[in-house]
Amino acid sequence: MTTETIKSPAAATSSAGHALELRGVSKLFGALAALSDIDLAIRPGERRAVLGSNGAGKTTLFNCITGDFLPSTGGIRLFGEDVTRFPAQERIRRGLRRTYQISLLFNGLTVRDNVYLACRGVSRGRFSFLRSRADDSLMQAAEDLVAAVHLSDLIDTPVSVLAYGQQRQLEIALALAGAPRLILFDEPAAGLSPTERKDLVEILTGLPAHIGYVIIEHDMDVALRVAERVTMMHNGRIFKEGLPEEIENDPEVQALYLGDGHE
Amino acid sequence: MSSNTPPNQTLANPQAPRWWLWLVDRVAAIPAHAWAVMLVLLVMPLVADDFFLFQIFGWTFILGIVALSLMFLAGYGGMVSLIQMSVAGLAGYMVALFGDSGTTISLGLPWWFVVPLAMVIATLFGSLVGLLAVRTEGIYTIMITLAMASAFYYFTRQNYTIFNGYTGFNLVLPPDLFGVNWREPVPFYYLTLVAAGLCFLLVTYVSRAPFGLALQGVRDNPRRMAALGFNVTAHRVAAYAFASALASVGGILLVWQNAQIAPGTAGIHATFDILIIAVIGGLSRPSGPFLGAFLFVLLSTFAPDVLRAIGASGERYKMLIGGIFLFVVFVSPDGLLGLWERWKAHLTRDDMARGKGETRP
Chain R
1 MTTETIKSPA AATSSAGHAL ELRGVSKLFG ALAALSDIDL AIRPGERRAV LGSNGAGKTT
61 LFNCITGDFL PSTGGIRLFG EDVTRFPAQE RIRRGLRRTY QISLLFNGLT VRDNVYLACR
121 GVSRGRFSFL RSRADDSLMQ AAEDLVAAVH LSDLIDTPVS VLAYGQQRQL EIALALAGAP
181 RLILFDEPAA GLSPTERKDL VEILTGLPAH IGYVIIEHDM DVALRVAERV TMMHNGRIFK
241 EGLPEEIEND PEVQALYLGD GHE
Chain X
1 MSSNTPPNQT LANPQAPRWW LWLVDRVAAI PAHAWAVMLV LLVMPLVADD FFLFQIFGWT
61 FILGIVALSL MFLAGYGGMV SLIQMSVAGL AGYMVALFGD SGTTISLGLP WWFVVPLAMV
121 IATLFGSLVG LLAVRTEGIY TIMITLAMAS AFYYFTRQNY TIFNGYTGFN LVLPPDLFGV
181 NWREPVPFYY LTLVAAGLCF LLVTYVSRAP FGLALQGVRD NPRRMAALGF NVTAHRVAAY
241 AFASALASVG GILLVWQNAQ IAPGTAGIHA TFDILIIAVI GGLSRPSGPF LGAFLFVLLS
301 TFAPDVLRAI GASGERYKML IGGIFLFVVF VSPDGLLGLW ERWKAHLTRD DMARGKGETR
361 P
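From first to last, the protein sequence lines stand for chains R and X. Sequential numbering from 1 applies to the first sequence in our numbering. Sequential numbering from 1 applies to the second sequence in our numbering.
Take these hints with a grain of salt, some might be off.
What the hints assert, rightly or not - Simulated coverage check for chain R against chain X, where a stretch passes if three residues somewhere in it have a Cβ under 8 Å from a Cβ of chain X:
#1 119-125
#2 169-183
#3 246-255
Stated by the list, open to error - For each label pair, taking beta carbons as the anchor points, the in silico distance ranges come out as:
#4 R/Leu130 / X/Leu128: 25 to 31 Å
#5 R/Ser137 / X/Gly197: 31 to 37 Å
#6 X/Val186 / R/Ile102: 53 to 59 Å
What the hints assert, rightly or not - Among chain X residues calculated to face chain R with C-beta under 7 Å, some are:
#7 Arg208
#8 Phe211
#9 Leu213
#10 Gly217
#11 Asp220
#12 Asn221
#13 Ala227
#14 Leu228
Rather than coming from a laboratory, the hints here were simulated on the basis of the structure. Don't be surprised by glycine CBs; every beta carbon is placed ideally from N, CA and C.
With the hints as constraints, model all of the structure from the sequences given.
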């Protein structure tokens, strides 16, 4: 990953306080509390892993942050701005990006068009009726991103025929479009081969320092290598927070992950 | 192209203005079969009689334009809208109301004011329906637009102040521009051909512009589009507006062709005809609706004669039409376009087999 591929906005360095801040966020689905009273603060440029067993509320947490779900209670601030009631696209335009656990791509379009749409979504001219020229700066940015995730040979291939691992790489390219400041990666390593996992770790650790991310990952090896801090979730609550080595050696975490149960 | 040299290098001089290079590039990209179709359509008046020019081709182009507006929404946007014929009908009604007709309701305003006004009103109406319909998906979009199309039909039947109720408007004629009577078969043929050609080119162009690409993104994955910064609802409503502008062109030509408009013009039958045309032709590309319209017009016009020729009752012509439509959909889910694609694939396979010296059983 080259740093030139991803723009570095001036705002990223000037932003005071936290990149992301959640205060008392809860999400209820009927009687089920998928999230309960979540407090979370991510500094600009921080790399954070969110771990937890299935059903711990990790993806629901992401959905609340991106605006796919409105939280039942609590507030969300993005780069100092209260975005709790903002629609998803408004949060994206403020530098938030995400990838999905199950690839959500545009299967009827080519790799180039997928990434081009991602670049267009955070720029002007989303409703433009004029075609872009081949030397258009957004088209150039799209091609650079495709190269950054090693898919240049497949740039004009429809996404529907890509292999699974390639679709996961494309997911990441979409999240890197424009000028990302905070990216939410939802299990990016799921289903990848050991070589692809190595590539993924390289891409994540090679991201420019001003880009922070939160990563949900079941593969502890990947998660602990790419994160500076770790947040453990269990039953919709934050259960522990600390440095990777603290979390790794924590007996409670080990008991939970080894399946001995947590009381 | 017979030469292997790229055409933009043979035709364009490097100092030429950018738009000229663009145009040369675009023209060079037109495939041979498209040139053939264009040539045939341009010389058609030399071989076809007045009935064919006016009734068969004129009607094909008009229905094709309205079905194209549905193809744009359904094919690129994933929204099957049944309001398109009502939008076309409203544009026709507005031309009759604001322009000249045989009724006293008409205001007699000049055509150059009336035509854009009719298009704007119809586009606003289509966008408004879109605004209500875009929050639904699949079958519910069909139901809500069908409900509004029915409401429009009954409203035009019962309202005498604007729509002149059951009678509608008659003697609605195209303007005598350049001293030409545009309802004469040859001028009307070219008028509708040019309109259809422009609508076709516009849709083809827009489908690859950011707006069209984003619409296809919305079709494939609305949630992801929002997560890329797009306002999915606004994009869908804008697609309705664009499609409505296209449909209004069809509606204006239709009222000029028939010289009259009545509630039945945009009735429930007409609404479903447009859906049938678009599906039969194929929803994947802008040429589909025109293919579908051509088949539909041929069948609607000649099915009774065909039945009578084989000694059956001509009154059963709808059964023949229905049977043929059923057959097309059964053998090819993507309509006539799908058949064409399969035939092309078959030819390619044959060529490859011959190239490798393989023999087919």
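* Asked: Should the interface hint for X/Asn221 be scored as holding, given a Cβ-Cβ cut-off of 7 Å against chain R?
  -> Status holds, d = 5 Å.
* To do: Classify the hint on X/Leu228 as holds or violated, based on whether any CB of chain R lies nearer than 7 Å to its CB.
  => With a closest approach of 4 Å, the X/Leu228 hint holds.
* For the hint on X/Leu213, does the least C-beta distance to chain R fall short of 7 Å? -> At 6 Å from the nearest chain R Cβ, X/Leu213 passes the 7 Å test, so the hint holds.
* Range hint 31 to 37 Å: satisfied by the CB atoms of R/Ser137 and X/Gly197? -> holds (33 Å)
* At the C-beta level, are X/Val186 and R/Ile102 separated by a distance inside 53 to 59 Å? -> This hint holds: roughly 58 Å between Cβ atoms.
* Is the shortest C-beta separation between X/Arg208 and chain R less than 7 Å? -> holds (6 Å)
* **Interface hint for X/Asp220, Cβ within 7 Å of any Cβ on chain R** => holds (4 Å)
* Is the interface hint for X/Gly217 satisfied, with its Cβ closer than 7 Å to some Cβ of chain R? -> holds (5 Å)
* Three-residue Cβ test at 8 Å for the coverage of the stretch 169-183 of chain R by chain X -> Satisfied; 3 residues make the cut.
* Taking the beta carbons of R/Leu130 and X/Leu128, is their distance inside 25 to 31 Å? -> holds (26 Å)
* With a cut-off of 8 Å between beta carbons, are at least three residues of the stretch 246-255 of chain R near chain X? -> With 0 residues in contact (Cβ-Cβ under 8 Å with chain X), the coverage given for the stretch 246-255 of chain R is violated.
* Residue hint X/Ala227, partner chain R, criterion CB-CB below 7 Å -> OK, holds: X/Ala227 within 7 Å of chain R, min 6 Å.
Taken one by one, the earlier hints fail for this structure only at number 3.
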